[in-house]
Amino acid sequence: MQKYRQGETFFDEMFTAQGEVRPHYQGVQDYLERLGVPEFERRRALLDLAFRNQGITFTVYGDSAGTERTFPFDPVPRIIPASEWAGLEAGLTQRVKALNAFLRDIYSDAQILNDGIIPAELVYTSTHFRREVHGLKVPLGVYTHIVGSDLIRDEAGQYLVLEDNLRSPSGVSYLLANRAAMTRIYPGMFDGQGVRTVQHYTTALLNVLRSLSPRAPEATVVLLTPGMYNSAYFEHAYLAQQMGVELVEGRDLFVDNGRVWMRTTAGRTQVDVIYRRIDDDFIDPLVFRRDSALGVPGLIDATRQGRVAVANAIGAGVADDKAVYAYVPQMIEYYLNEKPLLGNVPTFLGWDAGHLAHMLSHASEMVIKAVGEAGGYGMLIGPAATKQETADFLVGVRENPRNYIAQPVIGLSRHPTFYTDSGDFEAAHIDLRPYILVGEEVTIVPGGLTRVALSRGSLVVNSSQGGGSKDTWVLDHDGPRPSQIQSQFLGAEGSELGAPLSWPSPGQGGGGPAQRWLQNGQTQSQSQSQSQGQSQSGGGSQMQSQSQGALIGQTPIGQAAPDRVPGHLKTHPGSGAAEQTAHRFGSGSELPELLQGDEALHPEEGESTGGAPARLRPGQGSANVVGTDTEMLEAGTEAVDVGAVDVGAVDVDPASIDTASTDPPDPSVTPGIENPDSLGDV
Amino acid sequence: MLSRLAESLYWMGRYVERAENAARLLNVNYYATLETGGRVSEEWKPLLDISGTKGGFADHFGRADAHSVASWLAFDRRNSSSIASSLSRARENARGLRDRIPSEMWETINRAYLDLCFQTDDVLLRDGLFEYCSAARDLSQMFFGIAFATLPRDEGWSFMRSGQLLERGDNLLRLLQVRYGAAGTGPAQAAVDNHRWMAVLKTVSAYEAYRKRVHSGLDPRVIAEFLLLDEAFPRSVRYAAANLHDALVQIQRLHPQAYPELLRQASWLRARLEHADVDDILERGSPGLDELLIDFNEVGSAIYAAYFTT
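So the sequences go chain by chain: A and B.
First residue of the first sequence? That's 1 in my numbering, and the numbers climb one at a time after it.
First residue of the second sequence? That's 1 in my numbering, and the numbers climb one at a time after it.
Derived from the structure by calculation, the hints contain no laboratory data.
All of these numbers come straight from a predicted model, not from anything done at the bench.
For glycine and all other residues, C-beta sits at the position ideal for the given N, C-alpha and C.
There could be a bad hint or two in this list.
[Stated by the list, open to error] Quick list of the computed label-pair ranges, beta carbon to beta carbon:
hint: 1; chain 1: A; residue 1: 203; chain 2: B; residue 2: 309; range: 35 to 41 Å
hint: 2; chain 1: A; residue 1: 48; chain 2: B; residue 2: 65; range: 38 to 44 Å
hint: 3; chain 1: A; residue 1: 266; chain 2: B; residue 2: 214; range: 44 to 50 Å
hint: 4; chain 1: B; residue 1: 55; chain 2: A; residue 2: 184; range: 45 to 51 Å
hint: 5; chain 1: A; residue 1: 266; chain 2: B; residue 2: 103; range: 21 to 27 Å
hint: 6; chain 1: B; residue 1: 213; chain 2: A; residue 2: 217; range: 57 to 63 Å
hint: 7; chain 1: A; residue 1: 337; chain 2: B; residue 2: 254; range: 55 to 61 Å
hint: 8; chain 1: B; residue 1: 152; chain 2: A; residue 2: 217; range: 22 to 28 Å
hint: 9; chain 1: A; residue 1: 218; chain 2: B; residue 2: 274; range: 30 to 36 Å
hint: 10; chain 1: B; residue 1: 55; chain 2: A; residue 2: 270; range: 32 to 38 Å
hint: 11; chain 1: B; residue 1: 77; chain 2: A; residue 2: 49; range: 23 to 29 Å
[Unchecked claim] Anything over 10 Å on all C-beta distances counts as not near chain B; from chain A, calculated:
hint: 12; residue: 9
hint: 13; residue: 29
hint: 14; residue: 101
hint: 15; residue: 112
hint: 16; residue: 133
hint: 17; residue: 228
hint: 18; residue: 249
hint: 19; residue: 267
hint: 20; residue: 392
[As the list claims (entries may be wrong)] Some chain B residues flagged as far from chain A (calculated, every beta-carbon gap over 12 Å):
hint: 21; residue: 66
hint: 22; residue: 92
hint: 23; residue: 100
hint: 24; residue: 111
hint: 25; residue: 138
hint: 26; residue: 221
hint: 27; residue: 226
hint: 28; residue: 288
The shape of chain B in the complex, shown without the other chains (with noise of 0.2 Å):
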């Protein structure tokens, strides 16, 4: 397949993953604050950092509060990863593979495009940021069943996927960054509000899972080997980075021996991720998440160098 339409599916595969981490993260939080009684920019800030667009943030808002993060998180386009920008590029992407994805899943971009990627502040207003976040999500998800159900396991379909995995272990282990607390600090100081766990559970969907599976309660370092390493939780980060490394063995399938690096790097990942223990990361650092972190945009960029730019 053209090396361009790889790279827009690719492309397609993260943006919509990502505007749907967005869509998660911010109601979760803005609606868990009501609640809450802590300084207004405690709050906040760390949804900045989540997003990784605090030094943006800075440059167009004061106050960091329920009104500023929510509007920067949810409608600006001056934000390259805020819910309307990640979707009007998923569908611009989109857009460039009119003639080779099924029409349904351009339909459902484009529909969600022209209901979402206008909207002002407006919508905080008249209380409209649940059904705003709740759609942006539900058209992730209609976006993938349509692919599920009807785009051909080719290497198309590859390339989506990894985009959408690689996105996936990225955002998740960005949360767990700050809400761990980049310094170090254990998950045992890091907070023993109940709230707030039930909060990082419900932002990556792993609430009801994690409660079944799980029987002991909400402790932190229970909730991130959860997170961490269940094989079997489609959002934890072992699960992206055994699927990313799947996809990515379909794609050298058809091009056998091509880039024996990037499998290398992706099994290697894949590896650290089975055998590691929670205390691994969180205590010993070996790997850390920031390491981790960085594995996965290596291999984000290995994919870039051995398939797009040939």
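Pulled out of the complex, with its shape left as it was, chain A reads as follows (with noise of 0.2 Å):
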């Protein structure tokens, strides 16, 4: 760790560009110096062996050690300060309203697309839209329950939306077995800092499942799962079994009478709400593809008699098709009247002409997709292919351009990673997915999966490619943890820890809740300061912000006009405020999480093993390489048959970096590699 590089290129999420370590990072710091390198990695070690007993495991199940393999998994975790949190979950609670706004009006009046908001043919040409559903009412007008967004951050720091996965976003039960884990095995790391608790996950998915039900409140759930040699099986069983609900497969369902029913040995029982992690091709053979065995056959027609309810929805694919997402800033307008807080990745369209004269002028600074690709097919990047390459790409590209989309390349941002090959901790990219409920309200857990690319200067964080995960911390509190708690309970031990009171403490003897929720309100009060400032800051604003009302008709994209600046991405503190206060309130689990820091007096860790401090020290790194971000679960595709992932490494010269961040086009969306996967995905 002394000599971590964190380089100039990317934004460091642990150091600032002058090196110093930022604030919500400094007891991690503190406490892998006294823990040393040897201790680190022995635990480390510990944690593969827990992994692999515990069979968490991804990719497609064979009968041989190779095929069933861990997901690697970083010790060091990625941490999000409380004001930071507040402005995504802003950002996101609005997205997915909006998304859910837009299916609903799709498959019902499509107002949006009469408007000329979208072109119609977008929409109705997705190979996601799914017509069989139209005029389909489902319960409280929600289709898409369960959203897995990835997000990434920019050389700027900039938070973008890189795609959004509203059909069944897979990885949340790695978040959760993270986090478990590293309790158990770094307890000592959690000591005093303020982590915020993600347990209520299951509690809180059950809760929406529960609420879609057709008769409630008596509400049958079931998860179905393409069954165990699909690489989520392990999520699915994993959140059947954190639910209570039964795990079933196609052939344990039938159709009868108009309701859907489950083989049980005492016959059969009504079934109310479907969690399905199967794909809509395969969910019902009557409606879809004829040959699957994964279905449930006249699922569909019982959804549409509203006795049975499909979370997610049939059909909400289609809102993150890799074109129809570049208009998700045009929907938050149009539905909620709000300024979007989250900005989406640059994209041009292949669909327009001015966006096609673009992308073919420019193919080799680009990423471009075929929209309706997976697997990592149909996709050039551009830094990183030969002219010979870019050239045969460019004949399909020109014969089919609706079928294509191109983004700049993005920098993501980086964090210290440690690698058992080196003994010390480098920068690697990371990016990251948090998990958004919809039900009657939106729910977030606070915090997420980080995938991060292990491979040195390689930027996917793909599974199949090499990416791992991380812990993924959201404390409550922006800074060096405060010792006040501890303070309060202990007098002056605390300060003899060395933990700075930074923070006025008004509640001082006075009861914990009294003092949490002074806390509370002076966290929310940052957050919306420090969102401005963020959204204001950075070069990188520039480009988002013009890039959502462009992308109508347009003319070429090349250098973006100065006069194109419309400030979607400046956050609105007035419009954002009443929703944070109603999330930071909602959730109630953070006052006893607060008091177990008072453990934290007497770090059982404190003595170090006499090895080398873990010492995070940055340096000048060289930076090369910059990313896509890519579906690094994805490798846990949702279809039992189709094992591929998609991802689309990057290997880049910080040049073109330069080059994609400085001449902004404008529209508005990704590079990336999202890879629709055909079957479901991360």
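Each chain sits in its own coordinate frame; assemble them with the hints.
Here is the structure:
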């Protein structure tokens, strides 16, 4: 760690450009220094073993040790301070509301298309648009109940949405398993840090699912899996077990008399809600693919009759189509009458003549992707491709432009990550997938799955490409954890620990709860000001801000005209504040957590093992990668036979990155590689 | 509960029990033969009969000796009843039940799978068979031990228990069939080899229990009586039949009157073992070992028809 190099090209999550540790990482840095590398590494090996024994694996199952692999895990946690999280929470909440409004709209009157906000052609030609469910009324009017949007941070540290996974995003079980393993193996790391819990996820998920029942309050919920050979099977089983619902396969269910039943040893039992982890194509052979043995014949009809609820609803995938994604900012303005809080990655649509021209002339600087492809096929990473490859690829683009989009290459932020071969901490690119639950209200567990590109220089976070994951901490404060709680209980000992009493503590001596509320209030106001600042700072915001309005009908997009700078991305504290407030006070699990903090006084790993201190000291590093994100977990596509993952790894030299970021194109969206994996995702 | 899960529980019980029995059989006999001087194939061929895998063995090996038979029964995935195959299938069923069984059960079987199912003849070369077999036996004991301590006594428990007991009765009857000679040679002629009878008892972990119960020494007829008809020894055939019946009664309670024929069969099997004399079985063949074995398997078929094919 002493040799840690943060580099200059990318945003480093832990250190500022000046090499100072960011305040919210102070506690972890101190801990790592105390622990020492040898002990850190010893425990890391224990983690690997625990994952292996528990069978927390991805990839397709086969009867040999190599095919069921554990998901590599790095124990250095990714940390998000309270105010930053509040901004994300507000932005994501806004986004899923707009996406659901959009889905409701296009499966009924399609006003947004009639009003010309989004080209109808793009929507109706999407492979995920399901005309079969047009006019079908879904419970609560919600189409996508479980959302996993992928967020990245650009070179300026600005959060951007790379893609929305609205069908059956996976990976949340890793989030929960990572946290469970971390608390067991590095308990001292959590001491006094103010890490918010994620344990209520399955409870919240079950509540959302139960709220959809047509026979409420009665609700028999099942989780429909393609089976144990599916790469995400571990997650299906885990969630079913944690919620206490039946894990069923298509063959366990049947439709009779307009209702869905499961076959049990006691005969039939009626099913009310199906949390399905099977793609639309496979879910009902009478309506979609006839050769599917995974689905339930007649299910769509039972859904149409309102006898059973399906989450996520059939047809939700149209809104995460790559081309439709580009219009999410417009959706937010159209349906909510608000400015988008989170930006998209600029996206050029082949469908638009102006965009197409830009795509063709700047192919060497961009990531070009086929809208309908998955598994890493049909994608060109300009900076990494040879001239011949580029030329060949563009032939296809010219033939069917509607089928392609292009995005600038974005240099994902980096994070200190432990490498066993060098025995040291090095910077690796990361992304973030939070999990958003949408029922009568929106719930986001404070955390997410942070995926990390472990191959040096690569930027692909994909698991099949050497990607791994990290525990993701959301703190209940913004800086070094004040020891006020400790001092409250333990007096002077707190200060012996050296924890700065940096926060005003009006509640000192008077009861935890009161204090807690005061903190919340404070955090909130901080977050507002910070999010404002955030959106205005950094060159990156310029590009995003211009992106949205310009999409339609466009002139080429080469050099952005300065006059197009509507600031969508600026956060508007006014509109966001109410929601933030609701959220912050909505989840009630924080107090107990806080109190745990006082155990922190005597961290058990206080004595370091005498090895090299685990010290993170940033230096300058050469940065050579960039990335595109990718679905690292995608390996786990939901479909049984689709094992492929896509990804695009990109090795690009920094020069090209600069180009991309300084010459902002106009459109809105992403580079990336998202992969619409036909069957589900991550 | 889902029929598919009931079936998985049943098979999980069977496979873990089968792995344990194969491990005991191999462990005891492998070491027992070290001290006997008979012809090699005479010592090893019976193991193939007991495990019911003679045909498959002949397809892949020539001579039945310590190496080939041990490898076949322990690691060979081509043998569907080998320890590795049984554990692997048990684990596959457990994997399908991850949301249903306690995590500790899953982790135990998964760990054993990772440790034991990818081994090769190298184990024999480094004299590691004893540890290997012991580990397989330990797995079974820990697995069922965790189930005993944590698995709710609902249908799931009863289905797993049914599979376990059915397999136990089946395996022991095969062992006795071979050791007492399928041709009907009486116990008197079977063998006076003290050593071999000790091995039979140890194969079903009955040696110590037998010694405590019977003070007259190792008499083949008394051993057979103990293994077949003892009421209290948990690995006797009678105990297996009685508990199999009990498990089915438990299941039936949740589905009253649904499958009277199944219960009648199980209860008839139990009654025969309760009232038969050892001479009825060994001398008069009423019921004979073959017939009892068939009865066990017919109960298995009836369970299948009643609960797994709805």
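Inset, instruction - Report the numbers of all earlier hints that the structure fails to satisfy, in ascending order. - result: As far as the earlier hints go, 9, 10, 17, 18, 19, 22, 23 and 24 are violated by this structure, in ascending order.
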